[in-house]
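Q: Sequence:
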Amino acid sequence: MARTRRPRRSMNQINVVPYIDVMLVLLVIFMVATPMMQAPGVVNLPTVGKADQEASVEPLRVEIGAEGELTLSDAGKTASVADARALVALVQDKLAARADRPVVIAGDKSVRYETVMATMDALKAANVARVGLLVRPK
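So for the sequence shown, my numbering puts the first residue at 45; every next one is plus one.
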């Protein structure tokens with residue numbers, strides 16, 4: 045039993061089938077993982093027709109000056125007010141036509157926080173539904 049040795053043939057071509065298998069597996073993994081990475085928390089927002097949208101309402105603007113003076117601006121008309129009681133009465137008159145109209149408070153930078161909060165509390169005590177603070181973006 046003599047074995048004869050065959051001469052070894054050199055490999056002229058690379059076997060690419062294993063590489064294709066690995067790439068297909070990676071493709072499937074990325075296809076499955078991509079939707080999970082794009083939408084971590086999906087929120088279903090309700091849709092609203094054009095007829096249901098409320099027209100934006102110009103808010104009443106209460107301005108507190110550097111010295112604590114109060115003014116009320118409504119559609120370009122400005123009225124100076126003596127104190128918080130007069131301000132509340134004037135705001136209630138303006139809100140008689142539309143109670144859900146917002147009121148924003150614009151306080152000067154140098155005004156004490158206490159003054160702004162006292163004005164806001166007076167408006168809230170008078171049952172003004174929507175009171176907010178007006179700030180300038182940076």
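Some hints could be false.
As the list claims (entries may be wrong) - With a cut-off of at most 25 Å between alpha-carbon atoms, the simulated SDA-like pairs for lysine to any residue come out as follows:
#, residue 1, residue 2
1, Lys168, Ser100
2, Lys168, Val132
3, Lys121, Arg50
4, Lys153, Arg142
5, Lys121, Arg142
6, Lys121, Val76
7, Lys168, Ala123
8, Lys168, Ile108
9, Lys121, Ala77
10, Lys138, Gly109
11, Lys121, Val72
12, Lys153, Ala141
13, Lys121, Ala140
14, Lys138, Ser154
15, Lys138, Ile149
16, Lys121, Arg145
17, Lys121, Glu102
18, Lys153, Gly109
19, Lys153, Asp137
20, Lys153, Ala140
21, Lys153, Ala119
22, Lys168, Ala133
23, Lys121, Pro79
24, Lys168, Ala119
25, Lys121, Phe74
26, Lys138, Thr78
27, Lys121, Met75
28, Lys138, Pro79
29, Lys168, Val125
30, Lys138, Gly112
Source of the hints: derived by calculation from the structure; they are not laboratory data.
Since the model is a prediction, treat every value here as computed from it, not as a measurement.
Q: Now tell me if each hint is right for this structure.
A: Hints versus structure:
1. The hinted pair formed by Lys168 and Ser100 meets the criterion: a straight-line CA distance of about 22 Å does not exceed 25 Å.
2. With a C-alpha separation of about 9 Å, the suggested pair Lys168 and Val132 falls inside the 25 Å cut-off, and the hint holds.
3. Simply put, Lys121 and Arg50 have alpha-carbon atoms about 105 Å apart, too far for the 25 Å limit, and the pair is violated.
4. A distance of roughly 30 Å separates the Cα atoms of Lys153 and Arg142; the hinted pair therefore is violated under the 25 Å criterion.
5. A hinted pair counts as satisfied when its Cα atoms are at most 25 Å apart, and Lys121 with Arg142 qualifies at roughly 18 Å.
6. This hinted pair does not check out: Lys121 and Val76 have alpha carbons roughly 60 Å apart, beyond 25 Å.
7. Between the alpha carbons of Lys168 and Ala123 the distance comes to roughly 20 Å, so the proposed pair stays at or under 25 Å and holds.
8. Between Lys168 and Ile108 the CA atoms are separated by roughly 17 Å; this keeps the pair inside 25 Å, and the hint holds.
9. Between Lys121 and Ala77, the direct Cα distance comes to roughly 58 Å. Violation of the 25 Å bound is thereby established for this hinted pair.
10. Taking the CA atoms of Lys138 and Gly109, the gap is about 21 Å. The hint holds against a cut of 25 Å.
11. Simply put, Lys121 and Val72 have alpha-carbon atoms about 65 Å apart, too far for the 25 Å limit, and the pair is violated.
12. Our distance criterion of 25 Å between C-alpha atoms is broken by Lys153 and Ala141, whose separation comes to about 32 Å.
13. Of the supplied pair hints, the one linking Lys121 and Ala140 holds, its CA atoms being roughly 17 Å apart against a limit of 25 Å.
14. Of the pairs offered as hints, the one joining Lys138 and Ser154 is violated, with about 28 Å between alpha carbons and a cut-off of 25 Å exceeded.
15. Restraint check for Lys138 and Ile149: the C-alpha separation of about 15 Å stays at or below 25 Å, so the hint holds.
16. A threshold of 25 Å between alpha carbons decides the hint, and for Lys121 with Arg145 the separation of about 16 Å falls inside it, so the pair holds.
17. For the suggested pair Lys121 and Glu102, the alpha carbons sit about 12 Å apart, so the restraint of at most 25 Å is met.
18. The suggested pairing of Lys153 with Gly109 holds, with an alpha-carbon distance near 9 Å, which does not exceed 25 Å.
19. A threshold of 25 Å between alpha carbons decides the hint, and for Lys153 with Asp137 the separation of about 28 Å lies outside it, so the pair is violated.
20. For the proposed pair Lys153 and Ala140, the alpha carbon gap of about 31 Å is over 25 Å, so the pair is violated.
21. As the CA atoms of Lys153 and Ala119 are separated by approximately 24 Å, the hinted pair is consistent with the 25 Å bound.
22. Between the alpha carbons of Lys168 and Ala133 the distance comes to roughly 13 Å, so the proposed pair stays at or under 25 Å and holds.
23. Under the criterion of a C-alpha separation no larger than 25 Å, the hint pairing Lys121 with Pro79 is inconsistent with the structure, at around 53 Å.
24. Using a Cα cut-off of 25 Å, the hinted pair Lys168 and Ala119 holds, with the two alpha carbons roughly 22 Å apart.
25. Proximity of Lys121 to Phe74 is assessed by CA-CA distance (about 61 Å); at most 25 Å being required, the pair is judged violated.
26. For the hint pairing Lys138 with Thr78, the CA-to-CA distance comes to about 54 Å; that exceeds 25 Å, so the pair is violated.
27. Of the supplied pair hints, the one linking Lys121 and Met75 is violated, its CA atoms being roughly 60 Å apart against a limit of 25 Å.
28. For the given pair, Lys138 sits about 51 Å from Pro79 by alpha-carbon distance, which is inconsistent with the 25 Å threshold.
29. Taking the CA atoms of Lys168 and Val125, the gap is near 18 Å; set against the 25 Å cutoff, the hint holds.
30. A distance of roughly 22 Å separates the Cα atoms of Lys138 and Gly112; the hinted pair therefore holds under the 25 Å criterion.
In summary, the structure is inconsistent with hints 3, 4, 6, 9, 11, 12, 14, 19, 20, 23, 25, 26, 27 and 28 from the numbered list given earlier, while agreeing with the others.
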